[in-house]
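Read top to bottom, the protein sequences are chains U and F.
For the first sequence, the positions run 1 to 531 when full-length UniProt numbering is used.
For the second sequence, the positions run 1 to 531 when full-length UniProt numbering is used.
Hints in this document: simulated from the structure, not taken from any laboratory.
Each hint should be verified, as a subset may be incorrect.
You can't tell identical chains apart in this list, so a pair holds if it fits in one copy or across any two.
Stated by the list, open to error - In silico SDA-like links for lysine to any residue, alpha-carbon gap of 20 Å or less:
1. K526 with S346
2. K313 with H108
3. K254 with E268
4. K428 with K459
5. K473 with T20
6. K151 with E61
On a predicted model such as this, the values are computed, not experimentally measured, just so you know.
2 protein chains.
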Amino acid sequence: MTKERLYLFDTTLRDGAQTTGVEFSLEDKIAISRMLEAIGIDYVEGGYPGANVVDTEFFSEKRTKAARFVAFGMTKRAGRSVDNDPGIADLVNSRADAICYVSKAWDHQVKLALGISTKENLKSLAESVAAAIAGGKEALVDCEHFFDGYKANRTYALECVKTARDAGARWVVLCDTNGGTMPSEVEEIVADVLTVAPGDRLGIHAHDDTGQAVANSLAAVRAGVRQIQGTLNGLGERCGNANLVTLIPTLVLKPVFAERFETGVGPEQLETLTHVSRAFDEMLNRAPNRQAPYVGASAFATKAGIHASAIAKDPSTYEHVLPEVVGNERAIMVSQQAGKSNLLSSLKRFGIELAKDDPRLDKMLRQVKEREARGYSYDGAEASFYLMAHKLLGTLPKFFEVTGYRAAIERRHNAKGELVTICEAVVKIDVDGEVLMSVAEGNGPINALDLAMRKDLGKYSDRIDDLELVDFKVRILDGGTGAVTRVLIESRDSTGERWFTVGVSPNIVDASFEALYESFTYKLMKTATSS
Amino acid sequence: MTKERLYLFDTTLRDGAQTTGVEFSLEDKIAISRMLEAIGIDYVEGGYPGANVVDTEFFSEKRTKAARFVAFGMTKRAGRSVDNDPGIADLVNSRADAICYVSKAWDHQVKLALGISTKENLKSLAESVAAAIAGGKEALVDCEHFFDGYKANRTYALECVKTARDAGARWVVLCDTNGGTMPSEVEEIVADVLTVAPGDRLGIHAHDDTGQAVANSLAAVRAGVRQIQGTLNGLGERCGNANLVTLIPTLVLKPVFAERFETGVGPEQLETLTHVSRAFDEMLNRAPNRQAPYVGASAFATKAGIHASAIAKDPSTYEHVLPEVVGNERAIMVSQQAGKSNLLSSLKRFGIELAKDDPRLDKMLRQVKEREARGYSYDGAEASFYLMAHKLLGTLPKFFEVTGYRAAIERRHNAKGELVTICEAVVKIDVDGEVLMSVAEGNGPINALDLAMRKDLGKYSDRIDDLELVDFKVRILDGGTGAVTRVLIESRDSTGERWFTVGVSPNIVDASFEALYESFTYKLMKTATSS
Numbered sequence: 001m002t003k004e005r006l007y008l009f010d011t012t013l014r015d016g017a018q019t020t021g022v023e024f025s026l027e028d029k030i031a032i033s034r035m036l037e038a039i040g041i042d043y044v045e046g047g048y049p050g051a052n053v054v055d056t057e058f059f060s061e062k063r064t065k066a067a068r069f070v071a072f073g074m075t076k077r078a079g080r081s082v083d084n085d086p087g088i089a090d091l092v093n094s095r096a097d098a099i100c101y102v103s104k105a106w107d108h109q110v111k112l113a114l115g116i117s118t119k120e121n122l123k124s125l126a127e128s129v130a131a132a133i134a135g136g137k138e139a140l141v142d143c144e145h146f147f148d149g150y151k152a153n154r155t156y157a158l159e160c161v162k163t164a165r166d167a168g169a170r171w172v173v174l175c176d177t178n179g180g181t182m183p184s185e186v187e188e189i190v191a192d193v194l195t196v197a198p199g200d201r202l203g204i205h206a207h208d209d210t211g212q213a214v215a216n217s218l219a220a221v222r223a224g225v226r227q228i229q230g231t232l233n234g235l236g237e238r239c240g241n242a243n244l245v246t247l248i249p250t251l252v253l254k255p256v257f258a259e260r261f262e263t264g265v266g267p268e269q270l271e272t273l274t275h276v277s278r279a280f281d282e283m284l285n286r287a288p289n290r291q292a293p294y295v296g297a298s299a300f301a302t303k304a305g306i307h308a309s310a311i312a313k314d315p316s317t318y319e320h321v322l323p324e325v326v327g328n329e330r331a332i333m334v335s336q337q338a339g340k341s342n343l344l345s346s347l348k349r350f351g352i353e354l355a356k357d358d359p360r361l362d363k364m365l366r367q368v369k370e371r372e373a374r375g376y377s378y379d380g381a382e383a384s385f386y387l388m389a390h391k392l393l394g395t396l397p398k399f400f401e402v403t404g405y406r407a408a409i410e411r412r413h414n415a416k417g418e419l420v421t422i423c424e425a426v427v428k429i430d431v432d433g434e435v436l437m438s439v440a441e442g443n444g445p446i447n448a449l450d451l452a453m454r455k456d457l458g459k460y461s462d463r464i465d466d467l468e469l470v471d472f473k474v475r476i477l478d479g480g481t482g483a484v485t486r487v488l489i490e491s492r493d494s495t496g497e498r499w500f501t502v503g504v505s506p507n508i509v510d511a512s513f514e515a516l517y518e519s520f521t522y523k524l525m526k527t528a529t530s531s
Numbered sequence: 001m002t003k004e005r006l007y008l009f010d011t012t013l014r015d016g017a018q019t020t021g022v023e024f025s026l027e028d029k030i031a032i033s034r035m036l037e038a039i040g041i042d043y044v045e046g047g048y049p050g051a052n053v054v055d056t057e058f059f060s061e062k063r064t065k066a067a068r069f070v071a072f073g074m075t076k077r078a079g080r081s082v083d084n085d086p087g088i089a090d091l092v093n094s095r096a097d098a099i100c101y102v103s104k105a106w107d108h109q110v111k112l113a114l115g116i117s118t119k120e121n122l123k124s125l126a127e128s129v130a131a132a133i134a135g136g137k138e139a140l141v142d143c144e145h146f147f148d149g150y151k152a153n154r155t156y157a158l159e160c161v162k163t164a165r166d167a168g169a170r171w172v173v174l175c176d177t178n179g180g181t182m183p184s185e186v187e188e189i190v191a192d193v194l195t196v197a198p199g200d201r202l203g204i205h206a207h208d209d210t211g212q213a214v215a216n217s218l219a220a221v222r223a224g225v226r227q228i229q230g231t232l233n234g235l236g237e238r239c240g241n242a243n244l245v246t247l248i249p250t251l252v253l254k255p256v257f258a259e260r261f262e263t264g265v266g267p268e269q270l271e272t273l274t275h276v277s278r279a280f281d282e283m284l285n286r287a288p289n290r291q292a293p294y295v296g297a298s299a300f301a302t303k304a305g306i307h308a309s310a311i312a313k314d315p316s317t318y319e320h321v322l323p324e325v326v327g328n329e330r331a332i333m334v335s336q337q338a339g340k341s342n343l344l345s346s347l348k349r350f351g352i353e354l355a356k357d358d359p360r361l362d363k364m365l366r367q368v369k370e371r372e373a374r375g376y377s378y379d380g381a382e383a384s385f386y387l388m389a390h391k392l393l394g395t396l397p398k399f400f401e402v403t404g405y406r407a408a409i410e411r412r413h414n415a416k417g418e419l420v421t422i423c424e425a426v427v428k429i430d431v432d433g434e435v436l437m438s439v440a441e442g443n444g445p446i447n448a449l450d451l452a453m454r455k456d457l458g459k460y461s462d463r464i465d466d467l468e469l470v471d472f473k474v475r476i477l478d479g480g481t482g483a484v485t486r487v488l489i490e491s492r493d494s495t496g497e498r499w500f501t502v503g504v505s506p507n508i509v510d511a512s513f514e515a516l517y518e519s520f521t522y523k524l525m526k527t528a529t530s531s
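Bound conformation, chain U alone:
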């Protein structure tokens, strides 16, 4: 049986750019469109030529090879001919392969927001589509507010779809602009739209305002839609657009869809998905969502010991797909609830293979339990676990030792009578018998200690140049008098790798320093093996 083709349309560079705090440079846009093409996206919507300098520049060249390169814009203004509309000219003269027009499909919004008649709106739509086709472009129409519009005035909403189709639009995309439509409603409404617009010419554009953008997109496909619009990692205005990184594996792997449909994404491309998703977050300088479906660091993580031993027998016990098909990996967390099988698979992930009956395994398990009882948590600090394992196996080199440190924080009135805080740290480091002493000022004691340590690590100095502290988290355990502080430090380097180290002490500065020291050691260990 031949499968029906589903088309994937990415709007990360257009609707995704509406995300609070996100702004793309020209270089970002170029890099992201390459990523999108590489995973097999069919349409890459690049932005809005004419709206700003970056977008105009981006559309001055064709930026994709295999994928269709799409420019987004408004239909022609009412009361002006299509040949005389600079907005349309920007779109038609751009180097895009296709133009996606946004056109309101809710009569109330046409009158309220545009202040024109519903008839004028249809006329603008038809003429704009015709202009795109005359200019040699493929035409697409995003019917804005389609579902709310349909509920308010079914006739007008359907008329918008017909007008776009009749004018020659390849795709008419039904947009749930406000994101409040339920999957059951999407399914019913799409079925009705198909009665006036049969065939493979409908698309869906969903937003996540009720946490159902993915479900709405899939409901639309079941009902007959053949193009899905979405973004990388669900970027987008408000709660975001449909997440293509979640949708793609579902379409490719889940029998309900995979048996009927095919997409432009092959198995090798699917295997890069985890990497693409995380690399994109790196580009946005934000921590990847650990709980993200398919690609999150926790998506195939198991904490409970009974689950871990069941997974060892058969992955289908707690995994709905195999992690490697999306380029992710199984993460059996080392924790109080864990047993030997968790430990073995964690070690394996770091390239340490031990036999099941290796006596060092028992010793390690005892040590993990003993340290966790004291407040350590390896579940979130795998780099520290890695160092502990190497230490126990005798394979951790002694890079450097900190023989002492001092940190002082002082808040006082300065000469101008202002209250200021000053922070200074001194560290004494022993590298192969050579004692190095450094001092630095910082924003706070940990920052000052970090800066002092970096000042002189002797022969290791240049190996920590690109080491960067990204985040640190502090938790007080047990409360009360015997309180202990646990500090988790997140670090990264220029390779894009992120790692977590942990420190525990009644003293927050001590705990931070331990995690800091382990982060430095991990970085040195890492560069030792790679060189």
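Go by the hints and put chain F onto chain U.
Just chain F now, with coordinates in the frame of chain U:
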């Protein structure tokens, strides 16, 4: 028309505790069950009595008033009588109102993971349910792997449901344990289950592995399920459980559901949802998800200028529900009204009544926004908000002033050659012109500062005797070049009241000190009004 009742079952304290990096203390569990009751949850699953010290202690008292308090556990072990099973005894003897048993419904898993016959499994199930009922508890059964089990062996999966029902379970909960089932499959399978188990006795337990836990839960409700299991903010193993914070407003506000069903959540409770969601994240010491449906800081944010002006004309342009009904606010400055009404209701909670047109309200709103832009967060620090309001209204007495402090941490070898860390703090305090200077040693700089401050507060000394620091949380906020630290301190006193104060600074000690100072001030304010 009378509406059908939907029951909300929260498993944050049980399945939510499987989240990577999350661990609940007894105090956390008590605080969270209060939050859950306050928003109108029907069932609060508290954990697994007998499995660990915290859970056993938690179940030594009844922890809920209105909600049913549920203990989770396994059915009796095969080859042992129900009266002779310590696991069952722990459940029955706990102070829970109800017991939720997990029981495998996939024959393959019964044989593989349990290593017993499918018949033995049913026998354990029936006898365990009977034991719960005999012990005076309501019985619930989580059918683990139900949907995968149904696909593999429909007869056995349905037999599990029937066995649980016939044994007297009030609820039989269909679990999508691996989270890979599609909403359309859920709908079909639930409809089939209803043919053997009619009525209002089915529940749904969905996981988010394809990003559809919410959609799967709603599909199940449409098909006939009347209990929904989920967690606060979608906590849970791997990608998390169904997010109750997303589900609740959809059930209450969306006509498709609201016209047919009612829940235990009233309009006033719905208005607290944003606050509850963010306060819970604060408790977990993690940044709230800005894009979270309904409650995220960006959920009603608009970036595009054209959208903002359309919203000013009519909110339905880009909002599917009004933000205030879930206690959130529109994040565009076109409407100060939304912000003001939030502020008014927060002030009211602290007994401060202001008129809607009081000019001080505008000033306060500006100050909140300005301070939040600098990193403060009043969602989790209501005591600081209370102090700020009183300061602005001129009703905050000047108790004492800290004119300077110094803290020093030193790690060095002692006389015995051991590495030790010593921490000392000095504070200078002005009480009504009298300058007091104290010094103390502590476990860490904040502890030392706390101890030094307590040593001599002049005439206020005895009013802070029972003040105790319970917890403190530190978060690094990404401020580009200048990262800023936010510290949240939780305090309590002998009345049992707990309060949270916040401090923000590039220096962690400074930020901590600010929160500490505010905690002391709040305590003095509190005793001033109560005496």
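| task | State the violated hints by number, sorted upward, taking the hints as numbered earlier in the document. | result | Number 6 - this is the single hint that the structure violates.
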